[in-house]
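Participant: Sequence:
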Amino acid sequence: MQFRHKNNAQQLGFSLIEVLVGLSILAIALMAGVKALTQSVQTQTTVQQQYFAMLSANDALNRIYLQKVWPEFETYKTNCSQLNVPLVCIRSTFATPNPLFRRVVIEVYLSNPTDPTSAQGQRLAKLTTIVFNYLTSNL
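According to full-length UniProt numbering, the sequence shown holds residues 1 to 139 in order.
Think of the hints as simulated: they come from the structure by calculation, not from any bench. Since we're looking at a predicted model, the values are computed, not measured. Just so you know, even glycine gets a beta-carbon here, dropped at the ideal spot from N, CA and C. Take the hints with a grain of salt, since some may be wrong.
What follows is a set of in silico ranges between Cβ atoms, one per label pair, in the way DEER data are often shown [claimed, not checked]:
#1 T129 <-> V34: 23 to 33 Å
#2 Q48 <-> T96: 33 to 43 Å
#3 Y65 <-> P113: 50 to 60 Å
#4 T43 <-> W70: 37 to 47 Å
#5 K126 <-> F14: 53 to 63 Å
Model the full structure from these sequences, guided by the hints.
Facilitator: Shown next, in the form of C-alpha coordinates:
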(Lines of atoms letter the chains of each structure in order from A and count residues from 1; the text may use other names and numbers.)
(Lines give C-alpha, C1' and ligand atoms only; values in the text may rest on other atoms or scores of the structure.)
Protein backbone atom coordinates (compact mmCIF):
# COMPACT_ATOMS: atom_id res chain seq x y z
CA MET A 1 0.00 0.00 0.00
CA GLN A 2 1.37 3.32 -1.01
CA PHE A 3 0.53 6.63 0.59
CA ARG A 4 0.40 9.61 -1.61
CA HIS A 5 0.88 13.14 -0.37
CA LYS A 6 -1.71 15.59 -1.53
CA ASN A 7 -0.77 18.91 -3.03
CA ASN A 8 -0.91 21.98 -0.80
CA ALA A 9 -3.65 23.34 -3.05
CA GLN A 10 -5.85 20.38 -2.24
CA GLN A 11 -5.42 20.46 1.57
CA LEU A 12 -8.54 20.98 3.61
CA GLY A 13 -8.71 22.73 7.00
CA PHE A 14 -6.58 25.31 8.74
CA SER A 15 -2.97 25.26 9.76
CA LEU A 16 -1.94 25.63 13.39
CA ILE A 17 -0.68 29.18 12.81
CA GLU A 18 -4.03 30.24 11.35
CA VAL A 19 -5.89 28.80 14.31
CA LEU A 20 -3.56 30.52 16.81
CA VAL A 21 -3.92 33.88 15.05
CA GLY A 22 -7.70 33.51 15.08
CA LEU A 23 -7.73 32.61 18.77
CA SER A 24 -5.50 35.56 19.67
CA ILE A 25 -7.81 37.96 17.80
CA LEU A 26 -10.79 36.46 19.60
CA ALA A 27 -9.01 36.76 22.97
CA ILE A 28 -8.21 40.44 22.38
CA ALA A 29 -11.82 41.15 21.41
CA LEU A 30 -13.12 39.35 24.51
CA MET A 31 -10.70 41.25 26.77
CA ALA A 32 -11.95 44.55 25.32
CA GLY A 33 -15.53 43.44 25.96
CA VAL A 34 -14.75 42.51 29.56
CA LYS A 35 -13.05 45.87 30.13
CA ALA A 36 -16.06 47.74 28.72
CA LEU A 37 -18.40 45.71 30.91
CA THR A 38 -16.27 46.40 34.00
CA GLN A 39 -16.29 50.14 33.33
CA SER A 40 -20.05 50.04 32.84
CA VAL A 41 -20.53 48.33 36.20
CA GLN A 42 -18.23 50.86 37.93
CA THR A 43 -20.13 53.76 36.38
CA GLN A 44 -23.45 52.27 37.45
CA THR A 45 -22.15 51.84 41.01
CA THR A 46 -20.98 55.46 41.14
CA VAL A 47 -24.32 56.74 39.82
CA GLN A 48 -26.16 54.62 42.39
CA GLN A 49 -23.99 55.97 45.23
CA GLN A 50 -24.53 59.56 44.09
CA TYR A 51 -28.28 59.01 43.83
CA PHE A 52 -28.49 57.61 47.36
CA ALA A 53 -26.22 60.41 48.61
CA MET A 54 -28.59 63.01 47.16
CA LEU A 55 -31.54 61.24 48.81
CA SER A 56 -29.70 61.38 52.15
CA ALA A 57 -28.86 65.08 51.71
CA ASN A 58 -32.49 65.90 50.86
CA ASP A 59 -33.62 63.86 53.86
CA ALA A 60 -31.30 65.77 56.20
CA LEU A 61 -32.46 69.08 54.74
CA ASN A 62 -36.15 68.18 55.05
CA ARG A 63 -35.55 67.10 58.64
CA ILE A 64 -34.33 70.65 59.43
CA TYR A 65 -37.36 72.23 57.77
CA LEU A 66 -39.92 69.90 59.34
CA GLN A 67 -38.52 70.17 62.87
CA LYS A 68 -38.41 73.98 62.57
CA VAL A 69 -35.24 73.98 64.63
CA TRP A 70 -32.88 76.92 64.52
CA PRO A 71 -29.56 75.23 63.65
CA GLU A 72 -26.56 76.02 65.82
CA PHE A 73 -23.22 77.12 64.38
CA GLU A 74 -21.56 73.73 64.33
CA THR A 75 -20.46 70.86 62.15
CA TYR A 76 -22.60 67.82 62.79
CA LYS A 77 -21.81 64.34 61.45
CA THR A 78 -24.34 61.54 61.29
CA ASN A 79 -24.69 58.15 59.68
CA CYS A 80 -27.20 58.45 56.82
CA SER A 81 -26.85 55.13 55.02
CA GLN A 82 -29.32 54.22 52.29
CA LEU A 83 -29.96 50.53 51.54
CA ASN A 84 -26.54 48.89 51.14
CA VAL A 85 -24.60 52.15 50.62
CA PRO A 86 -22.81 53.29 53.81
CA LEU A 87 -22.99 57.10 53.88
CA VAL A 88 -22.13 59.87 56.32
CA CYS A 89 -23.84 63.28 56.25
CA ILE A 90 -21.90 66.33 57.41
CA ARG A 91 -24.06 69.36 58.20
CA SER A 92 -22.34 72.72 58.63
CA THR A 93 -24.13 75.91 59.66
CA PHE A 94 -22.86 79.41 58.85
CA ALA A 95 -24.01 82.94 59.60
CA THR A 96 -25.51 85.21 56.95
CA PRO A 97 -25.61 89.03 56.84
CA ASN A 98 -29.25 88.88 57.99
CA PRO A 99 -29.45 87.49 61.55
CA LEU A 100 -32.84 85.87 60.81
CA PHE A 101 -31.23 83.51 58.30
CA ARG A 102 -28.53 80.86 58.48
CA ARG A 103 -26.81 79.03 55.66
CA VAL A 104 -26.82 75.26 56.03
CA VAL A 105 -24.51 73.08 53.94
CA ILE A 106 -25.03 69.33 53.82
CA GLU A 107 -22.28 67.18 52.31
CA VAL A 108 -22.51 63.43 51.87
CA TYR A 109 -19.55 61.04 51.66
CA LEU A 110 -19.04 57.31 51.75
CA SER A 111 -18.48 56.29 55.35
CA ASN A 112 -15.44 54.56 56.71
CA PRO A 113 -16.20 50.86 57.36
CA THR A 114 -14.57 50.97 60.79
CA ASP A 115 -16.21 54.26 61.89
CA PRO A 116 -19.63 54.95 60.34
CA THR A 117 -19.49 58.67 61.20
CA SER A 118 -16.16 59.41 59.51
CA ALA A 119 -15.99 60.34 55.84
CA GLN A 120 -13.93 58.50 53.25
CA GLY A 121 -13.23 59.36 49.61
CA GLN A 122 -14.65 62.12 47.50
CA ARG A 123 -17.89 64.00 48.15
CA LEU A 124 -20.91 62.35 46.55
CA ALA A 125 -23.49 65.10 47.09
CA LYS A 126 -23.73 68.65 48.41
CA LEU A 127 -26.79 70.76 49.18
CA THR A 128 -26.80 74.35 50.40
CA THR A 129 -29.85 76.16 51.70
CA ILE A 130 -30.90 79.14 53.77
CA VAL A 131 -32.95 78.48 56.91
CA PHE A 132 -35.28 81.10 58.35
CA ASN A 133 -35.56 81.57 62.12
CA TYR A 134 -39.21 80.80 62.78
CA LEU A 135 -38.73 80.97 66.56
CA THR A 136 -37.77 84.65 66.91
CA SER A 137 -39.63 86.01 63.90
CA ASN A 138 -42.84 88.01 64.33
CA LEU A 139 -44.22 86.79 60.99
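Participant: For this structure, which hints from the list above don't hold up?
Facilitator: Hint check: 1 and 3 fail, others pass.
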